[in-house]
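**Student:** So the chains spell out like this:
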Amino acid sequence: MNKDPRLSDMSRRDREPLVHLENKDLMPLPAPLDSPEKDHEWTPLSEQTRERYECGLDDTCAVNVPQPKTKEEEDELVRKFLSGLEKLFTREGNWTFLQPLLLTMEHCARCQTCSEACHIFEASGRNEYYRPTYRSEIMRRLYFKYVKDGGGGLISAWQHGDIELNWPLVARLIELSYRCNLCRRCAQTCPIGADNGLVAHELRKLFSQEMGIAAKELHESGSVLQLKVGSSTGMNSIVVRDNIDFIDEDVAEKTGMDIKTPWDVEGADVLLIHNAGEIMAWPENPGAFAVILTAAGIKWTLSSELAAYDGINYGLWYDDAQFARVAIKHAQAAKKLGAKKIVIGECGHAHKALSVIADRVLTGDLNIPRESSMTLLREIVMSGRLKLDPARNDFPVTLHDPCNLVRLMGVVEPQREIVRKICPQFREMEPHGVDNYCCGGGSGFAIMSGNNFQDWRFHVSGRKKLQQVLNAFSDCLDPSIPKYLCAPCSNCKGQLRDLLAYYNIWETNRILYGGLVELIVNAMVDVKPGFLEWEWH
Amino acid sequence: MIVGLYVVVYAAVLVALTGCIARAVQYARTPLHLRWELYPVPHEASERVEHGGSYFEESDWWQKPSHFNLWGELKFMIPEMVFLKGLWEFNRKLWFRSFPFHFGLYLLIGTVVLVAFGEALAPVYVVTGATGAALAILGALALLVRRLTDSRLRIYTAPADYFNLVFFVVALSALGAGCLAKPAELTLPALLRGMATFDTTLRIPGLLEAGILLCALLAAYIPLTHMSHFIAKWFTYHHVRWDDKANYKAEAMQKKIAEYLSYRPGWAAAHMLTGKTWAEIATANPWEGAKK
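Chains B and Y, in that order, give the protein sequences.
Under the numbering used here, the first sequence has 404 at position 407, and the numbering climbs by one with no breaks.
Under the numbering used here, the second sequence has 27 at position 26, and the numbering climbs by one with no breaks.
Hints may contain errors.
In silico PhoX-like pairs for lysine-lysine, Cα to Cα no more than 25 Å straight-line [as the list claims (entries may be wrong)]:
#	chain 1	residue 1	chain 2	residue 2
1	Y	Lys246	B	Lys332
2	Y	Lys234	B	Lys145
3	B	Lys251	B	Lys525
4	B	Lys77	Y	Lys277
5	Y	Lys76	Y	Lys234
6	Y	Lys277	B	Lys337
7	Y	Lys277	B	Lys84
8	Y	Lys246	B	Lys338
9	B	Lys337	Y	Lys250
10	B	Lys525	B	Lys296
11	Y	Lys257	B	Lys84
12	Y	Lys256	B	Lys333
13	B	Lys338	Y	Lys256
14	Y	Lys250	B	Lys338
15	Y	Lys250	B	Lys333
16	Y	Lys250	B	Lys332
17	Y	Lys65	B	Lys337
18	B	Lys337	B	Lys296
19	B	Lys338	Y	Lys234
20	B	Lys418	B	Lys251
Don't read these hints as lab results, they were simulated from the structure.
Small disclaimer: the values here were computed from a predicted structure and weren't measured.
Start from the sequences, fold in the hints, and give me the full structure.
**Tutor:** Here is the structure:
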């Protein structure tokens, strides 16, 4: 580990990574992972990747930016970066976030209060390059030097600090913008209201919108695929309907109920939009939704319109245009059906994207009311429309708070009211609610696994959540006791699945992860017992 | 000499006010941004503020009356502004340095107001002034020592950050020492009256004059720096963190958005359709119909 990190390290011309982490450097974990030896070795980045791509930041590589071949290419990339930087600070280029960005650039006191709130900084063993203000301070100095003070000068350097802009700095900054979960826990603690999460978000936008550089999983295999075929899973509308038919059959058999998911019903009270990843990876989740909505007598539908059967909106994390395109598709589908409201399934970022961030993109009759499934489910459960037997859920349960749903949208209690009602052994993680920690898969990391990026997200970004989960079940870690980690978010589930599997937690401690609706159906008296399958998947 | 001091003080006050207003106007004129709130939002309904909930917790929230819980905001804002509650909660060590500094400045500002009411309040303003100066100087020194000795802060610190704190220590020390050393017949209300009426017969001792001069320059300097965060904080809290205004049937908001959607952002990446407006970009699907 570099004992004397500086901001100028980002401009270093050698390609040696600035960060190298060993297990002994990392934040300790509780039992059964309570010594660095019990942790996995990191998979090294391949030589081929290091030779072809810009991997000068740390032990991994998230974006795979090809190394420029000539000085001219480098200069052109730097020129594009500067051009994008300027656009971020114009009302025409960035009306969407100009005000919060300016405030963050111009008023951070560098007091480092935010650092203590960052799970990545803490889990990395407080590595300076992962401090939330490190990235922001680079951006801030570039802003003052090249945008605000028109090329810098001595006074600017004296007042705001200097920075050398070159291609190595830009290349490292691209990677560094993908070492933040955008959970904004840091922003919550800033006495002034500066927002380092926003800085990472805006940097990603600059790289995507000006330079055409983004993580492949978010852009090419994410938002582009969704706009091309209808879903980032690659499912077109025919395939998705087939899959849902199959889920209906399966769930009907399992529950003993007659289940038929309705499609494209005009005038439905509820247009339900799932994260399509659920359909592929956790079919019991859309199946459980179908059971609950059918049993509760809700007039609901799914839409087979392009992009409207997949609630994901990866643009939220890196690109305003891609974000707006998908949000508008969702709203247009609801408008076409004349649905009274859109209800968003168990997906945190889909919640925030469509309910909060898209609110000022959707104007006129496209601003169709959007509601959280947590709220609708709470209403159904508390209304007594379902006969529920909590004894069916008599095992230890804890609840993960998806950042997008809770800290960034304020949906905190509905899911808790449900879990308290149907899970007698519910216990909170600490901290929880709006003070929760990210699962470590936020901002797209859960679906990013190129090169050895998974190693980073398990060892570093997911470490705090793993600590919380183990602590929440510390009184019952014995594998003879099955335990349930309820995560009402598809991306969080993806991260938790991979994280728990990596550390073999199912085998050693019998902690299963899953959604909220599965717990509800598991408690339904009118359903055959045993909806939850206590097996790893 | 006295005229020169008055000119500097008046000019400094003018610069300070202009700087503050210009900064506030700069932020106020930025476009309405996309929502980016952070919970808890204290003006939410009181039963939700406690756990950080929002109106999204209600079924059919758009059919329910909207809440603005002023008491909730005040309950948050007053302890934050007066006692730096956030810092107390999240960075206790820094609070022990930053709170005396800020509270000392509040006391000094309050002292100026008390002095304006005349000598009858001397027992009060002497205490507030002396306490304020002592707290602000000690706080600034403590902050300076932290910045000089804490290696974690060093790489994020620009030369001006040291200068700013030194400036506070020197200016307030000179002012404090000047007040202590001034002749008894020159009372603070008389001094303030003299300055307010441009009284050229007023005789101010050199040390006090230097203190006044430095404090005036400091007041003019603050709005030009990040230390004007007292202005920024209004916007970061009320216009960003707590801005949860829904756009559902909000005509005035939609009018503004319509204007923004007509902007041509000019981003250069291929999918950004350079030259088109935001509305055209957002409603275009460059990949529709393309094969997987």
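**Student:** Run every hint past the structure and note whether it holds.
**Tutor:** Verification of the hints:
1. Y/Lys246 to B/Lys332: holds, 22 Å
2. Y/Lys234 to B/Lys145: Given that 25 Å is the threshold and the Cα spacing comes to 20 Å, the pair holds.
3. B/Lys251 to B/Lys525: Holds. B/Lys251 to B/Lys525 sits at ~7 Å (cutoff 25 Å).
4. B/Lys77 to Y/Lys277: Between B/Lys77 and Y/Lys277 the Cα gap is close to 19 Å, so the pair holds against 25 Å.
5. Y/Lys76 to Y/Lys234: Status holds; Cα separation ~16 Å.
6. Y/Lys277 to B/Lys337: violated, 33 Å
7. Y/Lys277 to B/Lys84: holds, 15 Å
8. Y/Lys246 to B/Lys338: holds, 19 Å
9. B/Lys337 to Y/Lys250: This hinted pair holds, its Cα atoms lying about 15 Å apart.
10. B/Lys525 to B/Lys296: At roughly 24 Å apart (the allowed maximum being 25 Å), B/Lys296 and B/Lys525 satisfy the hint.
11. Y/Lys257 to B/Lys84: Holds: Y/Lys257 and B/Lys84 sit about 20 Å apart, inside 25 Å.
12. Y/Lys256 to B/Lys333: holds, 24 Å
13. B/Lys338 to Y/Lys256: holds, 23 Å
14. Y/Lys250 to B/Lys338: With a Cα-Cα distance of about 14 Å, the restraint between Y/Lys250 and B/Lys338 holds, given a limit of 25 Å.
15. Y/Lys250 to B/Lys333: holds, 19 Å
16. Y/Lys250 to B/Lys332: Cα-Cα ~15 Å, so holds.
17. Y/Lys65 to B/Lys337: Holds, because 15 Å separates the two Cα atoms, which is no more than 25 Å.
18. B/Lys337 to B/Lys296: holds, 10 Å
19. B/Lys338 to Y/Lys234: Violated, because 36 Å separates the two Cα atoms, which is more than 25 Å.
20. B/Lys418 to B/Lys251: Holds - the C-alpha atoms of B/Lys251 and B/Lys418 are around 24 Å apart, at most 25 Å.
This entry does not satisfy hints 6, 19, going by the numbered hints stated previously.
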